[in-house]
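Undergrad: Order-wise, the sequence lines are chains A and B.
The C-terminal position of the first sequence is numbered 471 in the numbering used here, with every residue numbered one higher than the one before it.
The C-terminal position of the second sequence is numbered 858 in the numbering used here, with every residue numbered one higher than the one before it.
There could be a bad hint or two in this list.
To be verified - Under the rule of at most 25 angstroms between Cα atoms (straight-line distance), these lysine-lysine pairs were calculated in the DSS-like manner:
1) A:399 to B:629
2) A:385 to B:720
3) A:399 to B:624
Don't read these hints as lab results, they were simulated from the structure.
Next come the chains, spelled out residue by residue.
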Amino acid sequence: MIGIAYYGAYVPIYRLSRSDIAAAWKTAPQAGEKAIANFDEDSITMAVAACQDSLVNGNREGIDSLYMASTTLPYVDKQAAAFLAEVLDVPRSAQTIDFGNSIRAGTTALINALASVKSGMSHRVLVTAADGRLGKPKSDFEQLMGYGAAAFEIADSDVIAEVVATATHHNEFLDTWRQVNDPFIKSGEDRFIVNEGYSRNVKQAVTDTLNSLGLSVADIYKLVLYTPDSRSHTGIARQLGFDLKTQLQDTLTDKVGNTGSASVPLMLVGALEDAKPGQLILVVSYGDGYDTLVLKTNENINEFKPRRGLKGHLESKMQLRSYMDYLAFHNIVPIEPMRRSPPISSLPARWRARRSLLSLYGCKCRNCSTIQFPIQRVCHVCRAKDDFDEVPLSDQKGKIFTFTKDNMAPSGDLPTVMTVLELDNGCRFFCQMTDRDPDTVELGMEVELTFRKFYDYAGYTNYYWKCRPVR
Amino acid sequence: MQDAIKDKVAIVGMGCTRFGEHWQKSSEDLVIDAAYEAFEDAGIGPDRVEAAWLSTVYGLSAWTLANPLKLSNIPITRVENQCTSGMDALRNAVFAVACGMYDVVLVLGVEKLKDTGLAGLPQSEMFPNFHMIGSGFSAPGGFAFPAARYFAKYGADKTHLAKIAVKNHHNGTLSPKAHFQREVTLEQVLNAPIISWPLGLFDCCPTTDGASAAIITRRELAKEFRDDYILIGGISLSVDAGFTPLRPKFDYLHWPATEAAAKSVYRQVGISDPFHEIDLAEVHDCFTITELLNYEDLGLCPRGQAKDYIDSGTFALDGELPVCPSGGLKSFGHPVGATGLRMIYECYLQLRGQAGPRQVKGAEVALAHNIGGPPQISSVCIVHNRY
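Same shape as in the complex, but just chain B (with noise of 0.2 angstroms):
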């Protein structure tokens, strides 16, 4: 049953708080305002809220959604699946809603980055068993591991990985929510300082806080809520086993989950060439290196060939395919479990229109890929304006 959810479940309200270093904001009041701004888009009181998922990677159980917003007696799951926890609330609400349990679902995601004091995400247990094996380990190097693989496979150098932090910080300047809203230059990138080589402060999302909310309901109650409402033609979740430094003959130029992750979103709609068949892409863009590594995985270029559509700009606002129109991770930010749901917040704005400056004209078609661990979870949606 590959399309036993496709354009059944509409989102017919989204909120997004600004992505930031909200100092003088909590995770609840960050929750709050996430919430109510979907609440109004839709057109509902909480009241309305018949089940919610939550997605937290740092935060903790069902109550740091219910206790801000007062819900109370309602089902509500809290996932937390690596930095694809919110992607993955998102799928969970749409198995939910597809099969006629609930009507009306609040998906929401927080994060709270910045009371922690610290530089980079707070340690997770990679490896309750084996503490010793992940120490060192850090975001930014376990998704440095690839480049200078890549570089030497393909011939790809620092230069491709930095037109990508250019691209996306300009398109940060268009994004009002967005974390960073200033241009870089090629240079400040490659003269950037190093955070973990080959990667620079240019080439690395910063750390924010920030929260974004969906309402989602039937695609046949969706009219009650908004004429101008999107469809889930379909989501994927992929885990793949095996911390990806011990595997066995892994060559680190791809990533499986993301791979699997868009064969199944693509069988699951129909999708054949996602390069001419999709409109725009928010893809994970942790890193510089991992956008780039996403273009091959998505099947948006072949592989082997980021770098020419790097360097002939396929891929910038006004390219053929425009790949993170908000500014992605990059410049909106990277409140962990917030992400996945702020992809497909900036998807839900551009199918209406609603995107100003960094509108993509006639969009119909919008890919939110969301990924997880050094990586090992990848989530890929489709969401369009078709109907």
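Looking at chain A on its own, in the form it has when it is part of the complex (with noise of 0.2 angstroms):
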């Protein structure tokens, strides 16, 4: 049986009532509020997080595809899955694909991680998808968009919802589009590429797959529906005879906003998180055409919980202070910079370390036994050479053994609170602490280790570990 076998979510902390926006430009409001990323995140990071939220035993051993989907990753020549997998400590023969340029990418991905499995060449393969658009200031776009990460596996066992069918349309329609420098997206008039794109691909999506399988609405639990505005899904669930209060999966508009080609992944999420076992879910996606998946849960959805899943991720949620500073987080007006040091890199160092540095690995001294970080060629403690045995940290908690709250380092979110932890391994930990408030944060406090973007560097972005308050 192929199928899903186990998911996880990933949305920022911060969120940003669109009534905030608005009134920053005196314009109408959209309902709720949207998620924003930190200034230290990006598609990358976010994808990293869905996908800790998913492997919850912390098992890579197996995984031999990784599917990166998403229209805003930080290259378009360097590829994001190969980084996403020495990053999350993927075994080296997995296959690395990055999937892009539709916002119908996140589903494609699937659907392939699907026949890759299904012909027999992966057997574990795991699927993420991430987005943070931006629309342009003061444009309905700009509200609308929001930021989020999803993670799945496919997998040819221990699936909790069998893939029934799928199937994929191509239909040219340029209804929303960034030319390769665009920093926002741009559109066509809203009624045509509403009426004339979305509305036409996802009815035909809907009913074509249900005749094709020779099922009827009522057969469906969940349609878990892209929509490209707050209420147009609505309608064509309307129309086609579906129950909106029971049966329409929520889009999550108003609590994290439209995150492109994670969004439909993102209901997906919150589908399976309240499936029963036995359950048909009904999934559209659109964009260049579209894409349908219909899953059927079996028992063994009863069994597995995300580590925080996009329940645990919608409850977890700060207020950003103010408008300005999504303006400032994600560079659409230039800030001032700090006089400091520009920061340094270099290319052979960084890739050397990438064992330490990106998938997070200390060492265990194999005569004392003392965990250290990062990793060493002579014990810290006993000075034992060349003996150790590495140790994965990225899944660690731990407390904070001192801490400071500075304002001379250079930093997107002043103060850079910087922390010396004691991780629950007994390793001493160095790093920045992100999502937090600064007035909280208290020798003790329980802390969780999160990957992030650090900063540019002749052209190439750096990115290390940083801690966060448990979420």
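Take the two lone chains, each set in its own frame, and fit them into one complex as the hints suggest.
TA: Following this line, the structure appears as structure tokens:
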């Protein structure tokens, strides 16, 4: 049986009320709030977080493919999935593929993962989708778009939901787009793109899928239907005969916003979180055509719980102090830099240290058992030489041993909370703290580790780990 | 051979520029001003210099000294050991003189920090093999780490730190070459903007330009230069391994490098009760919390009792053991490579009765203490006039 073996979600901690955006521009607010990535997050870091959320048992051993879907990857000429595989410590033989250039990329990656497993080429495919697209200031898109990520494992055993059928359909249609250097979404006239593009396509997707499987609307537990705005999907679902209250999956528009290629995957996580065994989920994503998947849950679904899941991430939130922070965090307005030396990086050094800095391994002395970071050759305590076992640290929690709130350290959000941690396995760790309220930081505070973007150097981005209060 | 250098080397001349923001002087000007003041003080010309040691953290090689002074064809060594560079340059020069290799040696420290256009120190390559690990680390941040733990363990608070700032600012008003020469009140210190919590603006030393220099010789030759020379009783350096924030089980209540350096120099000189055997101490007060820890690490007060000594004014200029009579790094300034020798300069003035209104009466034995890194390097020197 081929299907979804586990899933995970990630929604950044910050939320911005749409009324705050509207107030800044004296425009009409859309309903609810949207999730805003912190200044140190991008689609890569969000994808790592979603994968960590799904990898409950930490077991990466059997993963033989890793697919990354996004329309907002930091590079156009450098693979994200290979980088992700290094960070997540996926076996080196895993096939890595990026899926992009369409908000349908998340479901396209899922369908291709199924094909890979079905063909026998893979047995466990980790699929993740992450996006955070920008609308131009004062536009409706600015209020609509949010940040988020989802992750699934598509496998040929131990699945919680079998994939019954998939379909795909291409359709050349310019509704929203960005050219290579566009920071902001562009679009056509809304009545044209919604009526002729979105509505016509997704209606056909639902109808054709149900017909081909001999199913009726009543057989569907949840319709996971992409929406380009806050309401277009409801009209379609009603026309097709779905009960909006019970059968239509929450699009998260008023909680997270539209997360591009991660929108439908995040909604699917929402549907799986509430599903019981034996239910049918119809997934319809949209963009340059459509993808559909029909899933049927089984008994295993009762057993699986992601670390935090969608619900946990929705509950764990902090309000962004102001709309200005959003503009600053995402370089929408230029900010006066601090008078500090530019940070340093080195491609060879960064590559040599990837095991410590990206996969986040420390080492344990075979002689005195002291766990230390980064990976050492001579033991700090007993000076045993070249006698260590590697120890993964990224899933460790820990406590603040000491800290400072530094206004001198260059940062996108002062003060930089710098922490010395004692991880639960005893390893000392030194890092910045993110997703924090500086006023609540104290000795002994419980933290977890999170992969973040640091700074650009010579045209490439440096990433590393930080801690955050346990969400 | 713990006493291999004991009392064998004398300081016979010193120079020190005014410390501060020298917009109109280059690093070469600072080198020339400090060196020629030392030459004049020792009654020599540059032709007498047989070898030189240069301390600079952000300068480059021995030519930082050779070029401005036109010192040709003599050995010059540049020493870089972070903020401990100055005292370490002196330490190496002392060995060369004590062993009889050279008779007259120039030791000079210089730093021109205000040409960088930066607030604070330029970025050091803390982790050339692991750049990201040091990301976000700043000097005030690194020195602030012990504060939270020390406060929790021993019940000290920001007020104790503030009293150190008030003391050193007061001493600075009596110190004509100091960067800052103004009093601050406890309220000003406590209400100042936070630099790196819990350290506020007045808990931190400034970013300073300056140079300092010493002429050293063998003890037997000292009288040829002056009658009131001072002797180097002992000098130590301790470097401990491992960036403190990543060091397994490190407690953040003390700096082992300072303890080791103090122990070594006390053994060299034969000091068993530093509090009573030392008349004044110039310690490395880059931040107020650093000075607090220094008291305990140098054995000037029992562990955990610094706050009581601070409250009772023990280390004030009119206290039992004046610490940082010069105003310290806090008021005198901290041009990093020049600081170690600047501390020795204060001791040199004090032991010769030349310290003016901040003179510690009857000072015979002085301690200078210089640290570097987060901190991982420490040097302690005992100088005296007992001969």
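Undergrad: Hint by hint, say whether it matches the structure.
TA: Status of each hint after checking the structure:
This hinted pair checks out: residue 399 of chain A and residue 629 of chain B have alpha carbons roughly 24 angstroms apart, not beyond 25 angstroms. Of the pairs offered as hints, the one joining residue 385 of chain A and residue 720 of chain B holds, with about 20 angstroms between alpha carbons and a cut-off of 25 angstroms not exceeded. For the hint pairing residue 399 of chain A with residue 624 of chain B, the CA-to-CA distance comes to about 17 angstroms; that is within 25 angstroms, so the pair holds.
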